[in-house]
Each structure stands twice: as structure tokens, then as C-alpha cells.
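Note that the numbering used here has the sequence shown beginning at 55, numbered continuously upward.
One should not assume that every hint holds.
[Said to hold, decoys possible] Listed next, the in silico SDA-like pairs over lysine to any residue satisfying Cα-Cα at most 20 Å (straight line):
# : residue 1 : residue 2
1 : 153       : 600
2 : 346       : 707
3 : 600       : 692
[Claimed, not checked] DEER-style ranges, computed between Cβ atoms:
# : residue 1 : residue 2 : range
4 : 701       : 477       : 22 to 30 Å
5 : 135       : 681       : 46 to 54 Å
6 : 330       : 145       : 50 to 58 Å
7 : 545       : 271       : 44 to 52 Å
8 : 330       : 263       : 39 to 47 Å
9 : 648       : 689       : 19 to 27 Å
No lab work stands behind these hints: they were computed from the structure.
By construction, the Cβ of each residue, glycine as well, lies at the ideal position given by its N, Cα and C atoms.
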Amino acid sequence: MAKRPPESLKETANQLAHYIANGNKETGKIQALERKLLLNRAPSSANITIKKVPKPGESVGIWAPARIEGKKYYTRDEKYKQEFNQWARVHEIPPKSSKKRIVYLGESVSRGYLLDPFYTPASVLEVLLNSKPGLLQAEVVDLARNDLLINDLTDLCSSCLALEPDVLVIFAGNNWVNGFSFTEDLAAKIIEVMGTQNRFSSLKPILENQYKKMVSSFMKHAAGLSKAYQVPVLYVIPEYNLLDFQSSWVQQINTWPKGETGTWLRLKDEIQTELGKGNIERAEELSHEMIKLNQGNPLGYELLARCKLERELFPEATKWLRMALDTAMFRGQNVPGCLTVIRDTLLEEAAKYNMTVVDLPEVFSRYQRGRPPGKELFLDYCHLSVEGIQVAMTSTAQKLFSILTDKEIPGAELGEKAPTPNNDVIARAHFFAAIHNAHRGEQPFDILYYHCLQSLNKSAKVTHLMLNYSEMVSYHTTWCLSKWCKKMFESGEMAQFPNILQPNNLYLMDIALVDAMAAALKRHGIDIEPRILKLRKKEHSFLNGKINLLESYYHLASYIASYRPNNSYYKAFSPQSRFFLVTGVDNDVELKLTYRVPHPDRNLKKEKVFLDVNNCFQKELPAFDYWQNFTLKVPGQSLKDGINTITILWPPNICYKKDVKNGPVRFQRDLMNQMMYPVYGEIYRFEAKRVEAQDIR
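Let the sequences and hints guide you as you build the complete structure.
Next up, the structure:
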């Protein structure tokens with residue numbers, strides 16, 4: 055039996071009938087009433103499917119139903135204890151009151167990552183909705199969860215209806231980049247297409263079709279729930295930090311290469327040279343050539359956007375930056391972000407099902423007067439700053455006022471009511487943003503320094519966190535065993551950053567991040583550089599007489615580069631490998647290297663492997679497809695006191711092997727990964743040893 059409409063809708067229906075019968079031309083009011091009744095282009099039952107029907111007694115996220123004094127509450131279930139810090143820090147959800155109830159769903163951006171639990175979008179939204187006490191009284195039930203995937207969001211949309219929402223707000227789309235599954239046929243089709251001349255332009259519509267089907271299926275489910283339970287849906291489409299989150303070197307690896315990488319690298323150097331000279335037109339021409347060579351690489355689009363920014367052509371810059379983001383569909387490793395195809399499909403489906411939309415790309419563009427959104431609105435790639443949350447939730451509140459009260463409230467009037475957290479919370483958010491940008495994005499020094507300096511400018515209380523962190527990561531010790539880690543967690547200030555610990559036992563020195571902290575602290579009169587230099591040399595220079603440069607401390611600068619399908623030796627998925635050697639300048643250093651270029655089908659006689667130390671010592675090595683041992687000496691005068699950078703350049707012009715075979719999905723996916731990220735070089739041993747003098751062997 056269909057659910058009977060609530061009595062409260064009768065008045066709305068009568069009011070709508072009155073407007074129409076009298077020829078009222080106030081379109082905004084009529085549309086608001088239609089939305090409330092779900093009459094405006096409401097889909098027929100034949101076009102609606104509900105994937106999962108809510109079940110009595112079912113949990114909602116981590117909250118299970120419980121009877122307290124005869125009333126139905128939802129309380130946190132201890133069996134989900136390990137997930138508690140991923141959700142709102144709320145022990146129980148009370149029964150619905152006389153207030154309008156907005157149930158708010160979404161991912162980490164809607165959770166308020168790096169500001170949560172002290173400041174969240176849901177809490178800001180609730181304040182804004184209650185800023186007009188004579189007009190609306192509302193409560194926001196915060197069901198946003200960090201790392202929420204589309205399938206879990208689908209289930210949550212169903213189960214949350216037990217909370218009797220008046221409106222359902224969904225703020226999601228960043229975690230859908232790699233959200234659909236690969237069938238055997240799809241994997242084989244992708245492999246086949248990428249062997250053709252127009253590889254990326256042929257692959258793009260195939261992948262976009264998968265995204266469209268995934269998003270359409272979800273929106274059809276949400277629309278079915280909306281119609282069946284007569285609950286309006288408001289969808290908030292996320293935006294990306296287009297201006298100030300750059301692709302990392304991992305994203306800049308040429309995927310699916312077909313021998314163009316050498317030319318691509320040359321163009322990259324030429325463009326950067328032309329930009330340095332101020333030759334913008336020439337840099338633009340070269341950027342177009344770079345994009346044409348490999349359309350799956352974001353760097354060409356980013357460099358072209360930089361040219362447009364130099365000329366203050368902001369709409370064009372935004373277009374190219376968004377195209378850079380969209381290359382994520384061609385890669386297996388990405389940071390979260392809402393692709394254009396996801397956004398466009400959400401807009402199309404929302405219009406079909408009469409869902410109200412807050413399109414943050416459009417909202418932020420108006421707010422920025424056409425400039426691409428950057429670090430003022432974001433803390434990293436997609437998580438919003440305080441200002442970003444205020445702008446986003448002001449627009450969301452405007453739409454909710456229209457749905458719930460038929461009133462249009464000016465954004466400027468609402469924005470004045472948006473709360474702001476205290477400076478300590480903002481300071482910690484910037485400090486954690488610096489860490490997150492380093493670990494998940496390997497962002498350049500200037501971005502890390504910006505967040506460190508903003509942190510200290512907001513509150514001096516964050517100083518001890520920076521000091522403890524810089525000490526912790528400079529030791530050759532697992533963080534969880536460090537007294538500095540214990541101090542940070544005992545301070546109670548780490549609640550804003552639940553993902554601080556090292557994943558998969560991967561250890562970093564966090565060189566760029568600690569250097570950024572040191573520079574920011576120095577601006578505030580605290581000099582830790584001598585201490586850090588001394589500590590790095592003590593902990594990382596020639597332990598037991600030598601340094602194993604294949605240890606993660608000495609070749610990982612972030613966690614995004616940790617993909618290693620064979621941990622028995624180092625694999626280079628880029629034509630450039632980088633290592634960090636901690637030493638002084640008083641001795642020569644002996645390097646022992648066992649390596650190969652694993653391409654027996656290629657003629658490697660004319661190919662070379664180049665080893666560079668600090669751009670002042672170079673060594674040319676032969677390229678072999680079998681393991682070879684080499685020992686070479688780096689003179690002390692080529693070394694710096696502290697961190698030295700060793701770069702190995704592998705022969706760049708490799709092609710992936712097109713070898714389609716019938717097999718299970720797992721095999722096809724393995725084959726896809728090999729073709730997407732071919733190996734340029736492999737290292738079995740790379741050791742450094744301090745010596746007095748020794749001939750090059």
C-alpha cells in the first residue's frame with residue numbers, strides 16, 4: 055500500500071490550486087509549491103526503481119534504533135566503534151520534533167574534513183536555517199561520512215528515511231572517480247581501444263558512458279525514494295581546487311605511452327623556459343603540442359591554463375584546469391574530485407527528477423567573479439576552508455528556505471549569519487592541511503609553506519604541534535612508537551585529523567613539509583633548522599656504515615607514490631626516479647647500484663641511464679635488460695650538508711605492450727595496469743657508503 059501523504063500537504067495543495075486558478079504569475083512561488091508537492095515533472099512509477107527499501111529496525115549508518123523512555127532514538131552501535139571518528143561525533147539521534155528535519159548525507163567534503171568536529175558544514179547550515187526564527191525552525195541530522203562510496207551512499211539514502219526527514223540533502227560526487235567496476239568485456243574493450251591511433255579520444259566516451267550509467271542509477275534510486283516517501287531532495291554538487299592544487303609527479307606520469315614520452319619531456323622543459331622568459335604565446339603553442347602527444351596527462355592542460363591566467367583570461371583558464379582534472383578518468387590513482395561528466399550527469403538527472411540543485415562550480419564562480427577557485431575556498435584538493443563552507447552552506451540554506459517556506463532569502467543577508475570557528479580551530483586546520491597536501495598530493499613547497507604560515511598567523515598555540523611533528527618525522531622510528539606522537543595525541547588536538555598515522559608502514563622524512571614548517575616558524579622567531587639538520591644526520595646518515603636508499607625514507611616523498619606491485623625490488627613507473635641521501639660534505643660517497651631496464655624486446659644499445667646528484671655530478675650508465683652491478687664514487691665537493699637529491703633518468707620512449715587475451719577480470723585488470731603504468735626501470739639494490747677515496751669501477 056502506498057504511503058498516505060501527510061495532512062500538512064493539503065494546505066500546500068490548496069494554496070497551489072488557488073495560485074493556478076487565479077492566474078497568478080509569481081513563477082518562483084508556484085515552483086516552490088510544486089517542489090514541495092513533488093508535482094513538477096514528477097517521474098512516473100514506471101521510470102522509478104528503488105534499489106533498497108528501508109527495513110524496520112535497520113541501523114542508519116553507525117546508529118542503531120533504541121527505545122528510551124518509550125520513544126525511538128538512534129544510538130551509536132559499539133560494533134561500529136572503529137568508524138566513530140569518520141562520522142559526526144554524536145552519540146544519539148533523538149526522535150523527530152516539531153522542527154523541520156533536514157537529513158544531510160555526503161562524503162568527507164560534507165563532513166568538513168580537517169575542521170570537523172569543531173566546525174562542520176551541517177552545523178553551519180543549521181545556524182543559517184534558524185537565523186529567521188519567525189520563519190523557520192529546523193534541525194540538521196548530520197550523516198556525512200569520510201570516505202563514503204557511492205554504493206554505501208545508496209544504502210544510506212534508503213535507511214535514513216527512518217529518521218522522517220522533511221528534506222534530504224545529498225552533498226557528494228568526489229569519491230566517484232573510480233566508482234564503477236570493470237567487467238571482463240569492459241577491460242578488454244579498453245585495452246583494445248588504447249591500441250588504436252586515437253587512443254584517448256576513443257577511450258573517453260567509453261569511460262564517460264560508465265560514469266553516466268553509475269550516476270543515473272544512483273539518481274534514479276534517490277528519485278524513487280523521494281517520490282515514494284514524499285521527501286524533496288536537494289543535491290549539492292562539489293567543486294575542486296582548480297587554481298591551487300597542482301597535479302603531482304605521480305599524476306604527471308604519461309599513462310598508456312606509445313613512445314612519445316621523450317618528446318613530451320622536452321616540450322615540458324621548453325614550456326617552462328618560455329614561461330620564465332615571459333613568452334606566453336610561444337608557451338601556449340607548445341602546451342597544445344604537449345596535450346596532443348598525451349591527452350591523458352594533466353600537466354599540458356595546467357601549463358596552458360597558466361598561460362591564460364597570465365593574460366587574465368579566467369574563463370578559459372578554468373576550462374583548461376577542469377580538463378586537467380578530467381584526465382583522472384584515465385588513471386588508476388587519483389585524489390578525490392568531481393569530474394565534468396559526473397557534474398553534467400547530476401545536473402541532467404536532477405532536472406529530469408525535479409531535484410533542487412546547488413551547483414558549487416557555478417556558485418564559486420559567481421563568488422570569485424569568474425576566477426578559478428583556489429586556496430581561499432579550499433584546504434586541499436576538494437575539502438573546503440571556513441570561507442568555502444560558509445559560501446556553500448549559504449547557497450544551500452537559500453534553496454532550503456525556498457523549499458520549506460516558499461520564501462526567497464538574499465544570500466548576502468544569510469551569509470552575515472554564518473558562524474566562524476575560533477582561531478585555534480582554524481590554525482589546526484591549516485596545519486593539518488599542510489600535512490595532508492604533502493602526504494596525499496605531494497604539493498610544492500609554496501603551498502605547504504602557505505598553510506604552515508596561515509596556521510601560525512591564526513594561533514601561536516599550534517607551535518608545539520609543529521615542533522612535535524617535525525621531531526617525530528625526523529627520527530628513524532615508527533611514528534606510533536615515538537614520544538612526540540604520544541605528546542600530540544595526548545594534547546587532544548588531533549581530533550581534527552583522524553588519518554595522521556602512517557599507512558601500510560610506509561615511512562617518510564617529510565622533507566619539504568618539515569622545511570616549510572621550519573620556514574614558517576622562523577618567520578615567527580623560532581629557528582629549528584639547526585636542530586632538524588643535526589637530527590636528520592644523526593638518524594639517517596650511514597646507519598651501520600651504509601644507507602639502503604630503497605628504504606621508503608629515502609625515495610618516498612608522499613603516500614601517493616606507494617604503489618609497488620612487487621615489493622622485492624623497486625619499480626620505476628616514471629622516466630625519473632628520485633632518492634634522498636643524508637650526509638655531510640667531508641667525505642666521498644660510494645654508491646652501489648643493481649638495476650635493469652626490463653624491455654628485452656627493445657634495442658637498448660643506444661639507450662643510456664643517467665644518474666645525477668644535486669645537478670652537479672652526472673654519470674652515464676649503460677641500459678641493460680638484465681641485472682647489472684655498478685659501483686661509482688660521488689666526490690664530497692658535489693654533496694651538500696644535509697639532504698642530497700639523487701636522480702636517475704631512465705630511457706623514456708617505451709611503449710606499452712598490446713596483448714589482449716581471454717581470461718578472468720582480474721587478469722584483464724592486471725594487464726590494464728601494466729599497459730597504463732609500464733615500468734621504465736627496476737632496482738634490486740641501491741646503497742650508499744661513506745669512503746675516503748676510491749676509484750670508479
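Do the hints match the structure? See the list:
| no. | hint | verdict |
| --- | --- | --- |
| 1 | 153 x 600 | violated (68 Å) |
| 2 | 346 x 707 | holds (16 Å) |
| 3 | 600 x 692 | holds (18 Å) |
| 4 | 701 x 477: 22 to 30 Å | violated (41 Å) |
| 5 | 135 x 681: 46 to 54 Å | holds (49 Å) |
| 6 | 330 x 145: 50 to 58 Å | holds (57 Å) |
| 7 | 545 x 271: 44 to 52 Å | holds (45 Å) |
| 8 | 330 x 263: 39 to 47 Å | holds (42 Å) |
| 9 | 648 x 689: 19 to 27 Å | holds (22 Å) |
When each numbered hint is compared with the structure, violations occur for hints 1 and 4.
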